[in-house]
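K.L.:
For the record, the sequence lines run as chains S and G.
According to this note's numbering, the first sequence is numbered sequentially starting from 1.
According to this note's numbering, the second sequence is numbered sequentially starting from 1001.
These are computed hints drawn from the structure, not numbers from a lab.
Glycine is no exception: its CB is placed at the ideal position from the N, C-alpha and C atoms.
Fair warning: there could be bad hints in the mix.
Using C-beta positions, here's what the derived DEER-type ranges look like [to be verified]:
1. G/Arg1220 to S/Met1: 21 to 29 Å
2. S/Asp155 to G/Arg1151: 47 to 55 Å
3. S/Asp155 to G/Gly1734: 22 to 30 Å
4. G/Glu1131 to S/Asp155: 25 to 33 Å
5. S/Lys284 to G/Asp1005: 53 to 61 Å
6. S/Met1 to G/Thr1096: 29 to 37 Å
7. G/Lys1280 to S/Asp24: 52 to 60 Å
8. S/Lys187 to G/Arg1016: 51 to 59 Å
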Amino acid sequence: MRPFAFKRAAAPADAAKLVAANKDARFIAGGTNLVDLMKEGIDRPNELVDISRLSLSVVRSLAGGGVSIGALARNTDTANHPLVKKDFPMLSQAILSGASPQIRNMATNGGNLMQRTRCSYFYDLGTPCNKRQPGSGCGAKDGLSRYSAIFGWSDSCVAVHPSDMCVALAALDAVVNVQSPDGRERKIKFTDFHRLPLNSPEKDNALNHGDLITSIDIPKNNFAANSYYLKIRDRSSYAFALVSVAAAVELDKGVIKQARIALGGVAHKPWRASEAERFLVGKKAEPGVFQQAAELTLRGAKPLSENKYKIKLAERAIARALRRAANV
Amino acid sequence: MMQDDLKKQPSRVDGRAKVTGKATYIAEFRFPELAYGYLVQSTIARGTIRDIETAEAEKQPGVVKILTHKNAAKLANPQADEDFGEKSRPFFALMTDRVLFSGQPVAVVIADTFEQARYAASLVKVSYNEEKPSTDIRDVMDKGFASGRPRPVRGTPDEAFAAADVKVDVEYSIPIEHHNAMEPHATVANWDGERLTVYDKTQGVTGVRNYLATNFGIDREKITVLSPFVGGAFGAALRPTPNTLLAVLAARETKRPVKVVYSRRQLATAHGYRPASIQKIKIGADKAGKLNSIIHEAVHNTSSHEDFSEDLVGISRTLYACPNVRTDAKITRTDLQTPLWMRAPGTVSGAFALESALDELSYKLKIDPLELRLINYAETDPDSGRPFSSKELRECYRQGAEKFGWKDRKPEPRSMRDGRFMVGYGLATGTWGAFLAPSSARVTLKADGTALVESGTTDIGPGTYTTISLIASRQLGLPLEKVTFKLGDSNLPAAPSQGGSITTASVGSAVQECAQIVQKELLSVESKREASPFSGVPFENVEFVDGSVRIKGRPETAMTIGEILSRNGLPEVTATHTTRPDFGERAKYATASHGAQFVEVKVDEDIGIVRVTRVVQATAAGRIINPKGAHSQEMGGVVWGIGMALMEHTEIDHRIGRIMNPNLAGYHVPVNADIGAIETIFVPEEDTIVNPLGAKGLGELGLVGIPAGIANAVYHATGIRVRDLPITPDKLVG
Chain S
1 MRPFAFKRAA
11 APADAAKLVA
21 ANKDARFIAG
31 GTNLVDLMKE
41 GIDRPNELVD
51 ISRLSLSVVR
61 SLAGGGVSIG
71 ALARNTDTAN
81 HPLVKKDFPM
91 LSQAILSGAS
101 PQIRNMATNG
111 GNLMQRTRCS
121 YFYDLGTPCN
131 KRQPGSGCGA
141 KDGLSRYSAI
151 FGWSDSCVAV
161 HPSDMCVALA
171 ALDAVVNVQS
181 PDGRERKIKF
191 TDFHRLPLNS
201 PEKDNALNHG
211 DLITSIDIPK
221 NNFAANSYYL
231 KIRDRSSYAF
241 ALVSVAAAVE
251 LDKGVIKQAR
261 IALGGVAHKP
271 WRASEAERFL
281 VGKKAEPGVF
291 QQAAELTLRG
301 AKPLSENKYK
311 IKLAERAIAR
321 ALRRAANV
Chain G
1001 MMQDDLKKQP
1011 SRVDGRAKVT
1021 GKATYIAEFR
1031 FPELAYGYLV
1041 QSTIARGTIR
1051 DIETAEAEKQ
1061 PGVVKILTHK
1071 NAAKLANPQA
1081 DEDFGEKSRP
1091 FFALMTDRVL
1101 FSGQPVAVVI
1111 ADTFEQARYA
1121 ASLVKVSYNE
1131 EKPSTDIRDV
1141 MDKGFASGRP
1151 RPVRGTPDEA
1161 FAAADVKVDV
1171 EYSIPIEHHN
1181 AMEPHATVAN
1191 WDGERLTVYD
1201 KTQGVTGVRN
1211 YLATNFGIDR
1221 EKITVLSPFV
1231 GGAFGAALRP
1241 TPNTLLAVLA
1251 ARETKRPVKV
1261 VYSRRQLATA
1271 HGYRPASIQK
1281 IKIGADKAGK
1291 LNSIIHEAVH
1301 NTSSHEDFSE
1311 DLVGISRTLY
1321 ACPNVRTDAK
1331 ITRTDLQTPL
1341 WMRAPGTVSG
1351 AFALESALDE
1361 LSYKLKIDPL
1371 ELRLINYAET
1381 DPDSGRPFSS
1391 KELRECYRQG
1401 AEKFGWKDRK
1411 PEPRSMRDGR
1421 FMVGYGLATG
1431 TWGAFLAPSS
1441 ARVTLKADGT
1451 ALVESGTTDI
1461 GPGTYTTISL
1471 IASRQLGLPL
1481 EKVTFKLGDS
1491 NLPAAPSQGG
1501 SITTASVGSA
1511 VQECAQIVQK
1521 ELLSVESKRE
1531 ASPFSGVPFE
1541 NVEFVDGSVR
1551 IKGRPETAMT
1561 IGEILSRNGL
1571 PEVTATHTTR
1581 PDFGERAKYA
1591 TASHGAQFVE
1601 VKVDEDIGIV
1611 RVTRVVQATA
1621 AGRIINPKGA
1631 HSQEMGGVVW
1641 GIGMALMEHT
1651 EIDHRIGRIM
1661 NPNLAGYHVP
1671 VNADIGAIET
1681 IFVPEEDTIV
1691 NPLGAKGLGE
1701 LGLVGIPAGI
1711 ANAVYHATGI
1721 RVRDLPITPD
1731 KLVG
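All chains should be modelled from the sequences, with the hints used to inform the complete structure.
P.N.:
Structure below.
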């Protein structure tokens, strides 16, 4: 890998400033994705700013309910935290369905949001990839597209976001807290955090260079009793989702008061099925209704040559996840 | 085999060393002043190298030298490899500007540290004159040409098929698969004047020594090749890989020891792979289920420069009694690395076709798949007409079916359920030839009551250290811990490469016979000593028990081996011996191991997920020497088969001829959570013909029927017949 300087930040604002000052600098915490990218020469920073010792690993209750999870809390600790397990079990399920125990032990929550796509063209320097090298083309779109997006892709990129945790966070209306290099702090709605590729797939999210995620807030909700994370993959563990679904409903005597549906493995970002959510409000929680919601969600899907199966798979997964969530 | 029975059996003699890190694998060896080589691989699949710019890389700290085809010294005597065709033109890295496959090594950067070498390698710029590659077997399947020697047609298969009451006429396909052993290919080479020492990941130290001797033009005696532990190979290390040649070349050029290790990503093109295959199979039967025709046509890919050929169709000639059989094997060229043997090469691919097709036939006939196999049971080898030296396949079917509960299977597809899961039962048959190759061994009995056993074989994981130690310990009457088995050194008595499931039979026979020679020698020396109780006692009347030698039935005559040696003033007694297959008696028989595999799957049909919940693997493979090792091998075969059936697939972008999932995240092999219950049964066979030990190979056998068994169970569960592996969720959701 390219030789790099290693610095340790004293405080979040300090870290943000250090990285902002050098366009080739990167934050490093768990390193479970960045170090791989550096070894393969896909990312070639010349400076790493170590944030792993900053005090950003707290998981705590928010005033008025909800929970705040620190950017540096480990995925494992977050998934197993009593507050998360009790109030947001779907988030626990989603985290634990990702990667492997060893990786979850190292990976941080902020890093989980920041991980890059696993599109095989992105990882192969011998192929074109607009995300890795803007302007070089998209290898996957007319190539191996079995794992690629069916929603929101552009001619420049068909990659999917690899995270499970983020699918649950998108469904749970989380908010990302960010420390900017200029000292300000700001909040980004989770559903606005990751972006679609459009003509600039090199940009995964709404952060500017040097912005540092400090924590993620999950507002109080009434979904804990009726939520489910379903992940479908080529093997039982340690595989990225072909399709995943975070589904939650709030029920009142069998009638849906609110619903949340987000999909993984289908788009450049966790894909919220807002239309289906609205459709479900006021309906009885029953399989036929869930099937209609699933069909509604897939109506706008645009498959590539090798991933048509994702439409039927996603449809069935949504219906299944909603049934499991509602226990019907 | 039951867990309780196994607990009493000896464990791996090298187990502690392996789990404590004391077992040293190739990339861990070092010499003083070691330099590190890192490969640069081609990004095109076909064409020529126009230029390689190394100036920027050469300026980097620590860089010692960069070798390319422009400056690498030519091989003294580049050798063809007869295993890869009459006109074999093996690929030698850096010896040509021609690019034969994507991922071909085009430069090696040698530096003081691994990190320096890797970074500098990233700065080497290669430009190409690119030609359009062809890597999809579907594009070239019609350009196939005959491979191997032609085999006779039995009877009149086409006419018989045309006239058959019930027919199956189907096509099966299997994608390229890679071995993906844990240990990467690696070499550490050190020149000491004229002498060359090479630590190399290999399944055959003798073969690597000979390869280096020939290609570099050095005396064999001046080369030592060492491979004490191998972290899995499965065929991938049966042939020297570019790292071997490049480390030796670089060490000679730089006058320093050099280590070359393939990275995981690079490894997919370091060596060959199970070739992609397309098989057309026709089976005809009468209404009672009696087979009257099998026509099995297979084509698989090879490279543009070599003719690799494996036998997919042989199983259709031998597995069932059938009067009319025609097989046809072809290979076809692609711009990929040459394929290579991968666990149960040919046979597992052929078995997927034959055993799936037979299952399809059983539904058409409405005959239970097990019954159909019994109706067509081959009492003698249908291909050669010879009797089997032993064949307890019928008993495998019986015991396997009973343990599995096959009688509970409902005949109709989609007829069994467990909650939301569709349940399916499937079965398949496996077979693997019981081969034997000449092997040498040395056995030394020492005054301290220990034995040293030596043979230049390897242990790629099946437990050869243990199995051979057990053979010696039983023959010599010594406790296992008193026996040391040394292997993986080309200076030891030569043994064949560890492939084809021949090692226990071949090396084991050599060791057993050699141990007996040493015993006889010891007795002969002792019986000549004055007043020896053994004077005039024939060898047959003597027994070796618990480290002592005694006349049978006269325990008071017991003397320890140490005592005998010291009374005769000897520090040790030793012998070297070569065992060769007996082509007299043995040649009158067909020799093979057999097995029956029973598989239960549960399919979550809605979302296309298959779980192999239960497998019973019944095996008849002669005498079982090492029960725990045998159990592990047969379990390993099931695990491998689950991978092959459900997930393994080397993905190639045919537009550029490039492998796109060259890593363990993208190339899926089973994880623990994919594996359900696996039970093994070993049906004993007494076989005095197959080899002196009576043991047959196990390593490949346990895999052969599994992919078909799983596909058959999936059909029984769902009514969906997947003829194109792997059976991933998309193929079931449709």
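K.L.:
Decide, hint by hint, whether the structure agrees.
P.N.:
Hint-by-hint comparison with the structure:
no.	hint	verdict
1	G/Arg1220 to S/Met1: 21 to 29 Å	violated, 41 Å
2	S/Asp155 to G/Arg1151: 47 to 55 Å	holds, 53 Å
3	S/Asp155 to G/Gly1734: 22 to 30 Å	holds, 28 Å
4	G/Glu1131 to S/Asp155: 25 to 33 Å	holds, 28 Å
5	S/Lys284 to G/Asp1005: 53 to 61 Å	holds, 57 Å
6	S/Met1 to G/Thr1096: 29 to 37 Å	holds, 30 Å
7	G/Lys1280 to S/Asp24: 52 to 60 Å	holds, 56 Å
8	S/Lys187 to G/Arg1016: 51 to 59 Å	holds, 56 Å
The structure does not agree with numbered hint 1 stated previously, though it agrees with all others.
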